[in-house]
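Each chain, written out:
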Amino acid sequence: MSARWTIVQGSPQHRIYRWVGWGSFVAAVLLIPLIVADVAVINIGSNSYKFTMSQLTLATSWAVAVLGVQVIVGYTGQLTLGNSFFAGVGAYLTAILVADYHWSYVSTLVVVLPITFLLGMAIGLPALRIRGLYLALVTISIAALLPSFAKLDTISIPFTGKTISELTNGSNGKDIKSISKIKSPDWIPWDGIAGFFQGIPVVGKFFGEGGLSARQEDTLYKYLIMLAIAVIAFWLVRNLLNSRVGRALQAIRDNETSAAVSGVDLALYKTLAFGVSAALAGVAGTMYAIDIGFVNSDDFGLFLAVNFVVGLVVGGVINMWGAVVGGLAIVLIPSMARSTQSVPLVKQSWLQGPVGPFVQGVLLILLTFVLPGGIVYGIRRLRARFVQVVPPELAAKGEMEEPPEDYIPLMEEPPPELSESVPD
Amino acid sequence: MDFDLLTSPELLLARIFDGLNAGAVYALVAVALVLIFKATTLINFAQGEMAMFGAFLAYIGWSEWGLPMWIAVVVAMILSALGAAAIERTLIRPFDPSDHLPLVIVTLGLLLIIGAVAGMIWKFDPRPFPELFPSGSAFRLGIANLRWYTVFTLAAAVAMMALLQFLLSRTKIGLAFRAVSSNLESSELVGIRVGPTLQFGWALAAAAGTFGAVIFVADPVRQIEPSIMLSVLIFASAAAALGGLDSLWGALVGGLIVGQVQTLLVNVFTFIPNEMALAAAVFVLLVVLVAKPSGLFGTARVERV
Numbered sequence: 001m002s003a004r005w006t007i008v009q010g011s012p013q014h015r016i017y018r019w020v021g022w023g024s025f026v027a028a029v030l031l032i033p034l035i036v037a038d039v040a041v042i043n044i045g046s047n048s049y050k051f052t053m054s055q056l057t058l059a060t061s062w063a064v065a066v067l068g069v070q071v072i073v074g075y076t077g078q079l080t081l082g083n084s085f086f087a088g089v090g091a092y093l094t095a096i097l098v099a100d101y102h103w104s105y106v107s108t109l110v111v112v113l114p115i116t117f118l119l120g121m122a123i124g125l126p127a128l129r130i131r132g133l134y135l136a137l138v139t140i141s142i143a144a145l146l147p148s149f150a151k152l153d154t155i156s157i158p159f160t161g162k163t164i165s166e167l168t169n170g171s172n173g174k175d176i177k178s179i180s181k182i183k184s185p186d187w188i189p190w191d192g193i194a195g196f197f198q199g200i201p202v203v204g205k206f207f208g209e210g211g212l213s214a215r216q217e218d219t220l221y222k223y224l225i226m227l228a229i230a231v232i233a234f235w236l237v238r239n240l241l242n243s244r245v246g247r248a249l250q251a252i253r254d255n256e257t258s259a260a261v262s263g264v265d266l267a268l269y270k271t272l273a274f275g276v277s278a279a280l281a282g283v284a285g286t287m288y289a290i291d292i293g294f295v296n297s298d299d300f301g302l303f304l305a306v307n308f309v310v311g312l313v314v315g316g317v318i319n320m321w322g323a324v325v326g327g328l329a330i331v332l333i334p335s336m337a338r339s340t341q342s343v344p345l346v347k348q349s350w351l352q353g354p355v356g357p358f359v360q361g362v363l364l365i366l367l368t369f370v371l372p373g374g375i376v377y378g379i380r381r382l383r384a385r386f387v388q389v390v391p392p393e394l395a396a397k398g399e400m401e402e403p404p405e406d407y408i409p410l411m412e413e414p415p416p417e418l419s420e421s422v423p424d
Numbered sequence: 001m002d003f004d005l006l007t008s009p010e011l012l013l014a015r016i017f018d019g020l021n022a023g024a025v026y027a028l029v030a031v032a033l034v035l036i037f038k039a040t041t042l043i044n045f046a047q048g049e050m051a052m053f054g055a056f057l058a059y060i061g062w063s064e065w066g067l068p069m070w071i072a073v074v075v076a077m078i079l080s081a082l083g084a085a086a087i088e089r090t091l092i093r094p095f096d097p098s099d100h101l102p103l104v105i106v107t108l109g110l111l112l113i114i115g116a117v118a119g120m121i122w123k124f125d126p127r128p129f130p131e132l133f134p135s136g137s138a139f140r141l142g143i144a145n146l147r148w149y150t151v152f153t154l155a156a157a158v159a160m161m162a163l164l165q166f167l168l169s170r171t172k173i174g175l176a177f178r179a180v181s182s183n184l185e186s187s188e189l190v191g192i193r194v195g196p197t198l199q200f201g202w203a204l205a206a207a208a209g210t211f212g213a214v215i216f217v218a219d220p221v222r223q224i225e226p227s228i229m230l231s232v233l234i235f236a237s238a239a240a241a242l243g244g245l246d247s248l249w250g251a252l253v254g255g256l257i258v259g260q261v262q263t264l265l266v267n268v269f270t271f272i273p274n275e276m277a278l279a280a281a282v283f284v285l286l287v288v289l290v291a292k293p294s295g296l297f298g299t300a301r302v303e304r305v
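Chains as they are written, first to last, in my numbering: chain V, 1 to 424; chain U, 1 to 305.
Hint data in this document are derived by calculation from the structure and do not stem from the laboratory. Just so it is clear, the structure is predicted and the values come from calculations on it, not from any experiment. For each residue, glycine too, the CB sits at the ideal point set by N, CA and C. Hints are not guaranteed to be accurate.
[Said to hold, decoys possible] Some, not all, of what chain V presents toward chain U, calculated at C-beta under 10 Å: (1) L81; (2) L125; (3) P126; (4) R131; (5) S148; (6) F149; (7) I229; (8) I232; (9) V355; (10) F358; (11) L364; (12) I365; (13) T368.
Just chain U, with the same shape it has in the complex (with noise of 0.2 Å):
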């Protein structure tokens, strides 16, 4: 065990934000796979290549289109949100949603296509993209340094999310939208128009991806290239699992969860080495889950015969 570490607050406080700076980025991939499970309990595998694929949009329209960073995120997020839709009533409404197999097929075939098809157009050549937030740090303490990235990155993600749960629970599209998570044929029978609720859920969740994306991607030590989103995406889905599939506020929790393992355990416990960052994350995972097996906050499903 380091005990410099424990013994040094500096030190300790250092750690604890890299750990939030990278649980930010990851609570804001996990939403968006939360939002989708709420809506079809499905897990869409493409959600980082998505992701990637709307940040991408954002650098072309901010690069080539010449529009103003903002705007071109903005943009893109609509872009997304219209591709998610289609691919959704393409793609995914025609299976059926209690079968999991098939569907996760169909989005595991969505990631090897966005990626390649990201790859083709714009190669694998990194290129750097815009700062959106304001550099420097915002707090420093000896070699403790949170940075205006971490603070505006963990503002965004509180933001994300309250705006969503804000949504879900405040708004005629949200009830809906509950309605169907909760019960597919009720509320098929009390008039809700299904199929577009579960392509709302669907757009919905590639813009709050597009978004994450776009923030892990302008931290300046960063650059955009078409795999950027694969390994977040096995830390996203971690923090997601961990958080309780079903629970937007647990994707929060989360996301900050693993990206303190990831950083912040891994450095107690010097016994644990760098590489094993993922390991450990995966291994907190299993624990939690085979205490609780629909995570920290999700809901215990019952199942009939």
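Pulled out of the complex, with its shape left as it was, chain V reads as follows (with noise of 0.2 Å):
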């Protein structure tokens, strides 16, 4: 089978490409919100499916954890379940100290990273000498403390003088947004960028009518933090894992003796392995602090741990770009299910049931079958079918390069685009 364009590597068809590509990505992540600034509805059947900014900000915060849970298990591959956890500790750092010492919600990250990466090393360190399976139910029991963590009333925090509880306002959970919103600056010219595409004809109609609201306003605003946060992030785990730091965790990956035996720091890099991880779940509570405004624990228990494990398998182990529809699965899966309220065959009462989990198990096991490297994979394998990507000397000898046939085992070799998969 052979693609039906190729594109030699380097060329300019090949930059034009890359740039539409880029570009029909980038102009998706911008444009998506100002068209989804109130509520999009979508009608299939006779259920209707709404979309909220909420959704789609959520959603970034759940890339990034999603990230984080890659760089140990997919690039590192140590199986541990447990980042809900450090996801937790973020999101009660950040609503704390806005809360109760009102700081600003991004700056908080200056502390929620040192805590969170220094707190994962911590976890790392006995992940040291247990392994596979063991540290997976380890990892797994962590998952599941949080909730009783944030209920401590016995143990005081130095400096605050307040016990956890206290701090965390127990099993209430704690409210950040009545105390300290997000507010829109007055330089953002919304309405001006609003009428704008809602200028352009034809499309224009889908971007609403009229000004935004300062609701929307500061929605939007909200985004826009979220997804530089979030940027930010995959370009330093991009770097990080271009660099020798990540050639040296891929070979842990492969073989731990292996890569001691050719001179990988195994305590050293496994340890920052779980502290990177670590980082970015609590980057990841603190992106979701700063959406929600309101942070419970019993929303970082388990149930969260296995939400992190549906990203990961339904976008992919070792893709970036997996985490990005990772994200985006753990927040509309169950939302969609929710609005599912009628099927063809399907007894009434039976979808008002716990919808969403059967959904995410099915699709756990329907994608290990047959797509195991996740959708982003298979969305290459489909895209390889009509461009191909050749290397200039390849392209010269007239040979070409098969596209990928089979899939990839979950844990073996990357795909040989991995390279190309990190955006450059």
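Hints in hand, dock the two standalone chains.
Below, the structure is given as structure tokens:
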């Protein structure tokens, strides 16, 4: 099977191809929020699915979290399921600093990053001895711990003189949005931007009518902040993985013993990977706090840990685009399942039950069977039928690289296009 | 520290009894995890949910089909064994047993699906489960009250362990089981039918798990509902890892230790608040695993390059 079009790497066509690809992605990321500024409704059959800005912002935060899981599970090969714990820590730190100490939301990252990084390294230390499924068991138990940690009322935290449950407001959850709200600064001409797109013929009607309300402007501003954090996180992680550190981590994943023999300091790199992964989860937690404005410990228990696995599997284990898809999947699957009220041949009363987890479970098993590289890998295979990018040497010889026929096993070699899979 | 607890034997005894009670249940579920791990070096994250489903089948058998309770339990054990065999055949066997991640994902998927299906069918309102054991106390000293329930649960855990041990060490199928778990390829070469043997392991584990869940919900202080086994699974997997994932007796010891940590340790060291029972158990687990990475009684695996 050969692709329909062949593009030589580095040629002008290739440059155009990349620009179009990236351009449409950036356009989608920036324009969809303007379209969805309120609520977009799509009807399928008799079900109507609502898509809101809040889902999109939440998806950016979970994308960062899934990226963190990819770093440790996909790139380092350590089977840990406990990252939801660090997301909870990040969310609570942000909530406490904003609500009780009146920090600004984004500046809390200064505290969240080092603390979650060190916590992650602390979890990484025992992981030097504990391996494989034992590690999976320990970490999933740690994930289950967060709700009870947040309700601790006997241990007081130094410098604050308050117990943990006083700081976290125990089982009631910590409310931040009533204390501090993210306001869009006045200098952003939202109405002008909206007016510009509404003025475009044909497509203009998708951008709504008239100016944006203050609430919509704040939501859009919030989205931009979170997008900026996510872009920086992805960029940093990409650089890290393409560096010496990244190669060391992949060597550890492929075979610990031979990595150690080749001079990779296992203790250093493994704990580092745990730290980075936990810090990303912490950032995701901060983003969650920014987005929702309310932190409840029960949202950071086992269920979120399983959700991260869902995001990981749906998107793909070793592909940074997979993290984006995974973040969207974590948010969209449960909400779409909830709004599905009638499906032919299915009893109505069943659809009022826990459909979201059911769909997630089915997806986990289905994807592991038919598309172990995740949706992103599936799209790549599909694309390879139409467009193929070949290096100039091969093109000169007239040889064509065969597109990948078989799926990749989840934990083995990264796909050959890995170096190209990250944005550059 | 609560010195009252150390000076008052009654109180101490009461705590130990509480711990035995919880520990025996953890051991019953942990042994199911260990069975599957022994056969396939895989942890079945859906074990708790499968056990919950089995317990629900027993409940339905009793309340809707009008079977006598113990018959209903046996029927449920058989049904869940059949279900687990089917799951092993369709969802587990296609994968390479040495590659953990896909299998962990499949069992997590099963956890979600089974939990969701149970929620759809039976909803989340708790229902009282009939008592299987005589109520009242077997032994009483002041406030220390050893209930018959605890005695029978413990006896059931020990009996099941002994039965499984007998099955594995004295019977032909047990020999095949051990051969497969020690070396899959070699046992295939000597003519053992690996697939059915592993399937048998899954069926056995599901029946054991169902039995554990039935006993767990048969405690008069509990009621049956679809999410009941989630927290038990965490404690039970801590117990299994503590004892060593491939040791049956390790599961029993691990279960009892986790039970004692949860009740005794947390109450002796009063600076550990009650909510931290799970954290204390995880902490003990961490310490044990760092000292002995394959658990107290597990066999250490040598890795070859």
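For which of the previously enumerated hints does the structure constitute a violation, in increasing order of number?
7, 8
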